[in-house]
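K.L.:
Those protein sequences? They're chains A and B, same order as listed.
Numbering-wise (my numbering), the first sequence opens with residue 107 and increments by one.
Numbering-wise (my numbering), the second sequence opens with residue 14 and increments by one.
Check before you lean on any hint, since a few could be wrong.
[What the hints assert, rightly or not] To give an idea of the chain A side of the interface with chain B (calculated C-beta under 7 Å), a few residues:
1) L334
2) G364
3) R366
4) P370
Everything labelled a hint here was simulated from the structure, so no lab data went into it.
No residue lacks a Cβ here, since even glycine has one placed at the ideal position from N, Cα and C.
Below are the chains, spelled out letter by letter.
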Amino acid sequence: MNSATGAQTIDTELHLLVPTLDDLLPYVPQAWQRKLTTSEFRLPPTGPHPGVEIERHHITAGIDPAETAADLPPDTVAALLSAPQPLVSTGWLGHEMAAIFHRAVNDYVMDRWLACDSRFYLAASVSVHDIDTAVAEVRRVADHPRVAAVVTSLIAINMGHKHYHRLYEVCQEKNLPLVIHPGGFEGSVVGPAALAGVGPRTPEETFALLPQVAMTSVSSLIFDGVFLRFPELTIVFAGFGYGWVPPVLWRADAEWRGLRVEVPWLVEPPSEVAARNIRFVVDGACDLDKAGAWKLAEMLPEQLLLYGSDRPYITSGAAGLAGAPEHLRRRIEFENAASTFPRLRIAVGDR
Amino acid sequence: MTAEQALPTAVDDRFHHVGAVTDFDENTFRVYLLDGRSVGVVKTKAGFFAVNNTCPHQGAAICEGRVGGTMTASDPHQYAYSEDVLVAVCPWHRWEWELATGRSYGQVTARKLLTFEVLVQDGQVYVAGRKRRVHTA
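Isolated chain B (complex conformation) (with noise of 0.2 Å):
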């Protein structure tokens, strides 16, 4: 669980319930119409996100493609693969968006993908519909 999903935010208005813990498969989105928009909300081993289902690029179905690990600045030819950076993969054109930060994995843009606030609360997971609050320690 990241930093930001951590720190103490209660189920407000701005939440939609979305399922239990048990519905969802560990790295498979889940897709809702939350507040009008397409979202998707993955179960990750590092914890739950929710991003929207457009890649910035150009409007993918973002969610059908994977989440996972990715490979990491290495030597030429020597790949490293790492999990400790959660990614979507644009099933068009495999950019990659952090999952905790919306960033491009890799800088290849400048654009970000919209993201969600998180929260399980006793076994159900809640996703805020609106933009998600950007906090700071």
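Here chain A stands alone, though its shape is the one from the complex (with noise of 0.2 Å):
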């Protein structure tokens, strides 16, 4: 509990990393094994986000379960832990090694982390190439209590194309929410999602606009009508911030009043659409210091936006949610994540 305002909150976003490829082998197949052991395969180092390079630089934090939880704040009662090294495998070419890395990482932190402590939940990784895959990978896990959810990165493909649809069926089936995060290499040439224009040069514009997937990915789950299909779905979006979300909303409404002729499926304003079944992590990445930031957090509907801490990539912690109204505030940190992920709704109850 936090002793100034009695509040628990929910980290929604918490990654972990797997520090070396020896760590991960218990969880590969033999011959896989083999196959990573003596190709030029190289274990992520970073994940998604650059500038922090486990090996080169030793960083030790998001490697070891017991100080993590440890360096957890006191007021987290549930933390989401995803892994972020095997969403740049949208960038591979092996599909079939993108499901094995997945898998044995899921595996990883069911035995490493979800053992350690009863905050930890997992997101559970799957690569998108191959939704059967995929699917059998949920089905594998979902049964576990404290797999939360289902998270991935995403390939050129849009997020309303049936290609992704047995997914949302069986997360649907499962009550597990579907977290989007980047994967680290959209809008290269080879997979993953693309970027608008000509795309990026450097690393720092691809994280910049970054944001452009998530756009393009929630317009194309409501104006696709995923929703109609799958009713009960939830997809979050992590990482890619939400001060866009506001303008993208206003648009997606005011271009859907003259053109729902081109899509008459869609029976409602998308903006209700997303206040239903879409969600997106506030992280401390979002700049919630600029003044503003709250200003736009209020132009949207209350159950929107989730906090996730980001560690350990960003280190504020919850220090970011200072400035949010206080009823605002209380929505991001807790309430919003106990009815977004039906898992630790009632793991918390029970607490």
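Two chains, two frames, a set of hints: combine them into the complex.
P.N.:
What follows is the structure, encoded as structure tokens:
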């Protein structure tokens, strides 16, 4: 509990890092162990976050579950773990290897992390190159009581495309929100989701422009009618910020009013679909200290935003929420996550 | 002809004679100045309708737009076109207004397009110049 406010916090974006390939190998099938150790495979050192290369800089944050648990702010009652390293696999050519990698990381986290602290929950990672494999992975891990979500990064197929339908179907069936997180190679030439225009030439440009991916995805999910097919599905965008959301939804509503005839299946304004089925994580990269940040947040339905620390990449914790209006802060730091992730809600309720 | 139009209403001093039935091409507005207001009158397969020639959205001359059926709610990417509902489509932003009720089709807004009572008697068309009375069964 936060001693000052009595508040509880749910961290919906706590990252962990697998330190070395040797740590992962026990969770890799034997033949693939040989392939990984005799090929040029390297464990992605940073995940999708630039500037943090754990092997080079010997960064330990996010590597040790006990240390991470001890470092959690005392008001944190639940933390949704996601491993960024597998998310870079959207840039890989080997789809089977990507699936093996995701599966191994999921097993590693369930074995090493979930057993370490009851506040830890897993967003199980899947590769969306091959949806059959992704669906199988969700089914394999979904019955673990502390698997609370599925996480993926996107390839260059719109989220409204039927390519993803079976993944949406299993997420809805298992009551697991699907978290979308950058893979780090958006805009590059092989596989990952494209960025608009000619495309970035530096990592900094890529990360500055990443919200484009979420904008396109939100639009596609709504206008392609994904939530008509999967009305109980929740999609959570983490790592894309939220300041762009109000104007995109305004624009979507305006275009829908005039062009409803093009999407007659959409019988309500896009912003109302988003309010019901889409959520956005407010993390430390969102410039919460900027004047006006909370004015933007207040332009959205109160249930849309969730708190995520983005640790270990960002270490400010929930301090960034200090400027939020009190009613909004309560929603963001606890209530919205509790109602978005059913398994977190149950566990926190039992606490 | 809609139930509202079918009600036996006599031509009285509210009504303006706007022409003969044969003057009208189907689904094409003719525009008149009635009681100081620009009013569009259109013949359709469902009968005659009259509307205020001002889109409630941003004031476009709606009678310069298309009249006809529209796409109805369907499964995603499975289009269903129907002429059971006839709409006037604003030429500026494509907002659609139901001719029979003035409601926004698809409920993209709560605003309504003003509609006016039309009577056809002995091959002649009459339009009430004031706001149409709403009859209920």
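K.L.:
Hint by hint, note whether the structure agrees.
P.N.:
Tested hints:
1. L334: Holds, about 6 Å.
2. G364: Given a least distance of 4 Å, the restraint on A/G364 holds.
3. R366: Since chain B brings a Cβ to about 4 Å from A/R366, closer than 7 Å, the hint holds.
4. P370: Hint on A/P370: holds, closest Cβ of chain B at ~4 Å, below 7 Å.
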